[in-house]
Amino acid sequence: MAETKSATDESFVRFENIQKSYDGEVLVVKDLNLDIQKGEFVTMLGPSGSGKTTCLMMLAGFEPATHGEIFLDNRPINTVPPHKRGIGMVFQNYALFPHMTVAENLAFPLQVRNMSRSEQEDRVKKILDLVELPQMAGRRPAQLSGGQQQRIAVARALVFEPDLVLMDEPLGALDKQLREQMQYEIKHIHESLGVTVVYVTHDQSEALTMSDRVAVFEDGVIQQLSSPEELYEDPKNSFVAQFIGENNKLNGTVEKIAKGICQVRTDDGTLLHAEQVNVEGVGNKTTLSLRPERIEIDPPKGTKNVIKGRIEELIYLGDHIRVRMNVAGNDEFIVKVRNRADKRPLKEGQDTKIGWLAEDCKALDFVGQI
Amino acid sequence: MSDTQNSNDVLVAYDGTPLKQQLAKTTRRMKLRALLLTLPLVLFIIIAFVLPIGDMLIRSFHNPTGTNVVPNFAEVIQEWDGQDYPPDEMIKVFVQDLALARKNREVGKTVGNLATRVNYEIPGSRSLFTKTARKADKITEGPYLDALIKLDKKWANENVWVTLKRVTRDYTLSFYLAATDRKYDENENIIRADELYRIYLPLLYKTIALSALITFLCFLIAYPVAYLLSTLPLRTSNLLMILVLLPFWTSLLVRTSAWIAMLQTEGIINNIFVYLGFIDDENRIQMIYNATGTVIAMVHILLPFMILPLYSVMKTIPPSYMRAAKSMGASNFMAFRRVYFPQTIPGIAAGVLLVFILAIGYYITPALVGGSDGLLISNEIARHIQSSLNWSLGAALGTILLVVVLALYWLYNKLVGVDNLKFG
Chain V
1 MAETKSATDE SFVRFENIQK SYDGEVLVVK DLNLDIQKGE FVTMLGPSGS
51 GKTTCLMMLA GFEPATHGEI FLDNRPINTV PPHKRGIGMV FQNYALFPHM
101 TVAENLAFPL QVRNMSRSEQ EDRVKKILDL VELPQMAGRR PAQLSGGQQQ
151 RIAVARALVF EPDLVLMDEP LGALDKQLRE QMQYEIKHIH ESLGVTVVYV
201 THDQSEALTM SDRVAVFEDG VIQQLSSPEE LYEDPKNSFV AQFIGENNKL
251 NGTVEKIAKG ICQVRTDDGT LLHAEQVNVE GVGNKTTLSL RPERIEIDPP
301 KGTKNVIKGR IEELIYLGDH IRVRMNVAGN DEFIVKVRNR ADKRPLKEGQ
351 DTKIGWLAED CKALDFVGQI
Chain C
371 MSDTQNSNDV LVAYDGTPLK QQLAKTTRRM KLRALLLTLP LVLFIIIAFV
421 LPIGDMLIRS FHNPTGTNVV PNFAEVIQEW DGQDYPPDEM IKVFVQDLAL
471 ARKNREVGKT VGNLATRVNY EIPGSRSLFT KTARKADKIT EGPYLDALIK
521 LDKKWANENV WVTLKRVTRD YTLSFYLAAT DRKYDENENI IRADELYRIY
571 LPLLYKTIAL SALITFLCFL IAYPVAYLLS TLPLRTSNLL MILVLLPFWT
621 SLLVRTSAWI AMLQTEGIIN NIFVYLGFID DENRIQMIYN ATGTVIAMVH
671 ILLPFMILPL YSVMKTIPPS YMRAAKSMGA SNFMAFRRVY FPQTIPGIAA
721 GVLLVFILAI GYYITPALVG GSDGLLISNE IARHIQSSLN WSLGAALGTI
771 LLVVVLALYW LYNKLVGVDN LKFG
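Residue numbers (my numbering), protein chains in the order written: chain V, 1 to 370; chain C, 371 to 794.
Watch out, some of these pointers could steer you wrong.
Unchecked claim - Which stretches of chain V does chain C cover? Using the computed rule of at least three CB atoms under 8 Å from a CB of chain C, they are:
no. : region
1   : 87-94
2   : 97-107
Stated by the list, open to error - Quick partial rundown of chain V residues pointing at chain C, CB under 10 Å, derived from the structure:
no. : residue
3   : Ala-60
4   : Pro-81
5   : His-83
6   : Lys-84
7   : Gln-111
8   : Phe-160
9   : Leu-166
The hints are simulated quantities; they were obtained by calculation from the structure and are not laboratory data. Predicted model, so just to flag it, every value in this text is computed and none were measured. Even for Gly, the Cβ is constructed at its ideal location relative to N, Cα and C.
Between the sequences and the hints, there should be enough to build the whole structure, so can you do that?
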């Protein structure tokens, strides 16, 4: 299983105090430190403009780092030109050469390496089999569907057997169903080849599905770097909590901290208990984060946190019902209720009690008015 | 597909009219409107382009001067087998026609017209006709040939009569022969013109060679500029684009005159060279009023026509292609040669075609800065239209030029494919 590994000398890719500015006025990447182990699948996740693609371009060699050093296999590569780095790359719009056939596209990295013709053919055939498109060798990229182009782009990045493959939002142009299918395929290719992958996306479900570890970028800083599970279960701050999965927020003031549990008085006066994650201390404002599926309507007696709410809207989604509620002044409060026959029917406009466990509720940094 | 459906069945609309008919009815208005919208342009093209060019093309092989001036002779002379001299009764008709033409003096039907026409074929024969016509009414009895020879010994030359037979035919290849430095001999065989008169083919070759050179130089200069334009940030590239287009907005005459000021022997460039000591005052370089001047000025003028199609194609090539090539291990040069350059070929094709076709027919710049050895075929066409007034020869030269351009276009289509062209 993937787990957070400490920075060691064995890390395969290492960003050391990387800063990047395009105009000398704004830092798009602020003091980035990141270690990636060999064979790992690491995703850089973040909203657009968060610096994730810039990091990838610096690693690929297309953008110089303004400050700091990037190591590949313990070798500083700041002065190594892109074509000598030996890094495979899959681009956002695939960048398949339109004037070459699929086979020519795949043979291109082999030709520039002066590989013999027979070996080229051999490798091209093998990689086409891997992406399950052996019959497409003679076609032009424009004659392929989006998903096929995507696979060829992946194949082209892998055909010269690089140790490291970078992928820059490769699934962005595909429709939802194809995207999900490709996620699994890329994951399986990664597992079967053991290649190290650095993947950039702004789609959190993509990141969670595929990655060993996810680095959440915001404002040029990695907000959290951990496994998908940890990212969802234990967000380190409000941004991560908000960005990964669905999330409800409640503002309050910390009154007491004991054994990692904060007592928080919400703005409407209810006392709640939450796990202390990112609060400065007693008397400070905090934003509580809790997942919609961890909240229960009509909680059993003894539940630590109980608060009153008013059902504003019911949305029927088949397997579950989304209940939008007004809780403590927040009318975007979402509760997911499993669709079960024995539950009594909910009605819009109804006042009800809701509750959750203290450990399902994280006290994080204060984000201001919700 | 289905066997049950009768193939003779006609699809009908709801009210029973055949569907095709119904469809035609509904689209007729749209078609009519589209036609009306394009009508002014179609008329303009027909009146200002198709008709004049058609007229010129016809002139290149249809010249009725002979039949206009000596109509009766033109009819009878065609019976002659071209051996020795025509029978005396034919010559009698000729003398009578000549006298009549001199008496009538109708515009376009004077003896002078005929004299000019024959002069194209036999240089120096003009006076023979004007002189003879003056005395034609004095010759009243035969033998007419002897009377003519008495008047001027040149009538004893059989070639004069053969030529007369030829020029009194309305349709003739003479002008195409002249335009390709050829002529008829006494036996109506096509032979090459005398060395002294061979000027048009060498001029055509020179025009093609200079145009090719100009096109090549334009390409060399335009390619990096277009690349820069397509990669710079929008603000800077817009500024550069204005600099590229500036020559477009300046009068052609002004630009060409500016080159005269720059390039003449006492001009700026020569002065700078002398000042810097590259050349001494006596050996100033002749850069204008020769082929060099034509090439320099025309490269400047035609440069935007190369830059714009290149730019519009390069603009559409995402930088990720080059990046992809480099990420796969290709050096800068390799990535350029294998990935970038092939994708710019449609732009190169468009630019080369455009510049070459413009250059091959260029007139004003060579006329101003070309001196004598920088003149192109179009200058010669203009001379025949404007001053020598041999319109038929001008038209023949123009037609040959058109054919050359069309042939190149065809060849080009074979090599590059016209649907590959991208003008932007």
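Hint check results:
1. Counting residues of the region 87-94 of chain V whose beta carbon lies closer than 8 Å to any beta carbon of chain C gives 6, which reaches the threshold of three, so the coverage claim holds.
2. With 3 residues carrying a beta carbon less than 8 Å from a beta carbon of chain C, the region 97-107 of chain V meets the three-residue requirement, and the given coverage holds.
3. Residue-level restraint check for Ala-60(V) holds (minimum Cβ-Cβ distance to chain C is 6 Å; threshold 10 Å).
4. The restraint placing Pro-81(V) at the interface with chain C holds, with a minimum CB-CB distance near 8 Å, inside the 10 Å limit.
5. For His-83(V), the interface hint holds, the least distance from its beta-carbon to any beta-carbon of chain C being 5 Å, beneath 10 Å.
6. At a threshold of 10 Å, the smallest CB-CB gap from Lys-84(V) to chain C is about 8 Å, leaving the interface hint in force.
7. With a least beta-carbon distance of about 8 Å to chain C, the hint placing Gln-111(V) at the interface is held under the 10 Å criterion.
8. Hint on Phe-160(V) holds. Least Cβ distance to chain C is approximately 7 Å, under the 10 Å limit.
9. For Leu-166(V), the interface hint holds, since its Cβ comes within 10 Å of a Cβ in chain C; the closest pair sits about 8 Å apart.
Hint violations for this structure: none, all hints satisfied.
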